[in-house]
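There are 2 protein chains.
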Amino acid sequence: MSGETDRSRKRVLMLLERLGRLMQSRGHELGLKPVQWEALRYLSRANRFSRTPSGLTAYLGSTKGTVSQTLIALESKGLIRKKSDPGDRRAVRLELTAAGRRALGSDPLLEFAESVGALGKVGEGTLERNLTALLTERLEQIEGRPFGICRTCTHFEKNAPEGKPHRCGLLELPLSADESEQICVEQES
Amino acid sequence: MSGETDRSRKRVLMLLERLGRLMQSRGHELGLKPVQWEALRYLSRANRFSRTPSGLTAYLGSTKGTVSQTLIALESKGLIRKKSDPGDRRAVRLELTAAGRRALGSDPLLEFAESVGALGKVGEGTLERNLTALLTERLEQIEGRPFGICRTCTHFEKNAPEGKPHRCGLLELPLSADESEQICVEQES
DNA sequence: GCATTAAGTATCGAGTCGATACAGATATGG
DNA sequence: CCATATCTGTATCGACTCGATACTTAATGC
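Here the protein sequences line up with chains Y and D, keeping their order.
Each residue of the first sequence is one higher than the one before, counting from 1 in my numbering.
Each residue of the second sequence is one higher than the one before, counting from 1 in my numbering.
It is worth saying that the hints were derived from the structure and are not from the lab.
Take these hints with a grain of salt, some might be off.
One copy or two, either will do: identical chains are not told apart, so a pair holds if it fits within one copy or between any two.
[Stated by the list, open to error] Below, computed lysine-lysine pairings styled on DSBU-like, alpha-carbon distance capped at 30 Å:
no., residue 1, residue 2
1, Lys10, Lys158
2, Lys64, Lys83
3, Lys82, Lys10
4, Lys10, Lys121
5, Lys83, Lys33
6, Lys10, Lys77
7, Lys64, Lys82
Please model the complete structure; the sequences and the hints are all you need to start from.
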């Protein structure tokens, strides 16, 4: 590998690291921590099968113990609610409270959205494609889950049976139009 | 702003957040913490004017107190050395020890470099440009410093006076060829 | 010379994070 | 059918981050 290729890759890594850090450093607003914000964001975007401690653990690439602590903190702040799953009594279902949804309205990450917009439509598109490719490549190497949108999944069955709501072939459950746009632990492309 | 524009921006933000987190989660190797790795990387790339606690503080977008603690941890591990500046007795000069340089040889971020390489030369180039534009835009809004390469700075005076080494017009000091390639707290473009 | 500003350190409290150990619930396999 | 493995989540520990606040000491400005 040439020296310039090597340096170029490292420059990209430094940019990603620094942008990541910059986003995190703004994540201490309202008495929340960066990971706590990320958990709230996840819960607002994940479908009901994925809103569990283990789903969040996989998404964050963290560990059960750490996530458990984070969820305890969020619950004590009144931003999330835990309910035990009636079907599997080991499992815990998570959902945002009204206060949790309200908090996301002042998500510090929204400041950043403007800067993304300044790239223009074209730059934004290519950036999204490149970042997606990078993430996909990386996730394959570490056997991580993509957490893609339900609608694009191999298990997604559109209006099946005919004229009926969409369906998840893996979990054998009907899906609302809303749910098909959410992210899922089980998603595969 | 249309709903799709809004969603597109958020997708980019989520990608950046997630990639950042993914990079960090691999940053717990060898008993070091992600920020400690980042400090080592900084010290290996910053020129001598920038290798100070306050330089690192500005780079990380953190606070003096936090950085001070991080440096104490790194020094106790024998990875960096502190020397008091003879010119300004308030200031502390930082440098990597041999062990510190050796540690960077097993930087967990190197794993990630392969995934960047998988984008190909073109993808890598456009990604670097887009990320740079995003970072620049963002830094302007929060009045952060770019920490660009010395050679590209407005204060850089090439071979001045004629045939002599390069020079920094701001600090009024000569610069070696090596130093002109390093990053600097004072860099402006 | 005196106030201001700058560079670092010390300390506190809440929380992350990996590691380990654990509990209870559900699968699996003879 | 029951033992055993696996899965889901909690509890606890120690090192550390991080923002906040309160210092110390040194340089600078008037």
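Evaluated hints:
{"no.": "1", "hint": "Lys10 <-> Lys158", "result": "between (43 Å within a copy, 26 Å between copies)"}
{"no.": "2", "hint": "Lys64 <-> Lys83", "result": "within (17 Å within a copy, 42 Å between copies)"}
{"no.": "3", "hint": "Lys82 <-> Lys10", "result": "between (42 Å within a copy, 26 Å between copies)"}
{"no.": "4", "hint": "Lys10 <-> Lys121", "result": "both (27 Å within a copy, 13 Å between copies)"}
{"no.": "5", "hint": "Lys83 <-> Lys33", "result": "within (23 Å within a copy, 34 Å between copies)"}
{"no.": "6", "hint": "Lys10 <-> Lys77", "result": "between (40 Å within a copy, 25 Å between copies)"}
{"no.": "7", "hint": "Lys64 <-> Lys82", "result": "within (16 Å within a copy, 38 Å between copies)"}
Checked against the numbered hints given earlier, the structure satisfies every one of them.
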